[in-house]
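Undergrad: Protein chains in written order, with the working numbering: chain A, 16 to 255; chain B, 18 to 129.
In short, the hints are calculated from the structure, not lab data. Zero decoy hints are in this set.
Capping the alpha-carbon separation at 20 Å, the derived lysine to aspartate or glutamate pairs in EDC-like fashion look like this:
1. B/Lys94 / A/Asp53
2. B/Lys94 / A/Asp59
3. A/Lys84 / A/Glu105
Residues from chain B shown here face chain A by an in silico Cβ test under 10 Å; the list is partial:
4. Val33
5. Ala60
6. Ile75
Beta carbons: idealized from backbone N, C-alpha and C, even for Gly.
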Amino acid sequence: MRNNEANIFIFVASIIIGILISMNISFDNSKKATVYLDAKQYQDSYNQRNIIYSDLDNLKTQYASLQKKITNYVMVDKSKEDVVKEIENEIDQNKFLLGLTAVSGPGVRITMNDAEITDFNDPGAINALVHNFDIYFLINDLKNAGAEAISINGQRIVDSSEVYCFHEYLRINGQKLWAPFVIEAIGNQTNIKSYLYQLDKEIPYMEGEGRGISVLYEVPDKVIIPPYAGDLPNTYLKVK
Amino acid sequence: MIAFIGLVLGILIGIVWNVNIPDKFTPYMSVAILACLDSVFGAVRSLLSKNFQPDIFISGFFGNAVLAAGLAYLGDKMGVPIYLAAVIVFGGRIFDNFAIIRRLLIEKARSL
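Given these sequences and hints, build the entire structure.
TA: Here it is, written out as structure tokens:
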């Protein structure tokens with residue numbers, strides 16, 4: 016009797032164990048088993064997951080807007096003029112983003128002028144001039160600080176703009192420019208100012224030891240930046 | 018032997034039934050399974066040495082499973098792999114019980 020009862024118990028218990036085991040076992044090789052992560056790996060995976068999720072969201076909104084555009088074009092009762100107008104709007108938007116339209120907004124105006132050279136024979140005199148690298152660094156600093164449009168002496172800076180130093184003048188976008196250089200940029204005025212005046216950035220370097228370039232920093236409420244007037248060469252460039 | 022039959026039967030039922038348990042519970046399930054296995058081995062051994070007590074078995078079966086899962090969960094929250102303790106102890110006991118079962122069976126077979 017005791018023996019039988021015990022056997023029944025053992026039988027039932029092993030059935031339960033069997034069920035639990037089969038719930039845990041997965042013969043599916045594509046599904047990974049639980050991986051144990053330490054704290055750093057967990058942090059990295061978590062960050063990666065967040066990045067992927069935000070990318071997914073961006074793609075979804077992009078998809079939704081493109082889908083809407085397609086249905087707009089496909090709708091039969093939309094007249095030709097409307098479609099043309101929409102395409103023109105898109106072209107204008109692209110031009111705006113490329114720098115081919117004049118833009119305005121709150122921003123900064125930085126006027127730089129060469130320092131007075133008292134002794135032309137001093138080999139250090141060359142440091143008193145504004146050089147092309149000063150312009151490069153300043154443009155880079157502005158971009159890092161979040162400037163959305165930049166112009167120098169009326170020349171809009173786009174991706175392919177060059178800054179070429181040629182003795183006493185600089186050539187930008189193919190145009191010769193002389194000191195004083197007026198750099199205008201549109202962006203967040205506080206962020207730009209706090210970024211540009213950090214000690215290891217360009218403006219303190221220009222104003223500092225051995226150079227003494229005069230830098231006038233203004234914060235106008237509205238800065239107008241002209242469009243890029245050059246051409247965008249694409250002889251070697253092809254769509255991939 | 019009856020335990021073995023029960024095990025196989027249970028696995029078959031589990032495959033057919035296709036219960037869906039949330040994935041985050043799987044580490045706790047593994048330790049609970051180990052605890053249950055240990056209880057069963059202990060029961061078989063007590064059966065062979067003629068001192069099986071059902072209430073001890075039942076309380077051990079469920080109590081050990083719950084304790085093992087709880088310890089694994091706590092260790093997860095604290096970041097310390099406490100489940101290792103359960104794994105080592107239950108694994109050790111399974112082997113001990115198995116050794117005793119083996120001896121008892123072989124003695125029985127010899128005296129037959």
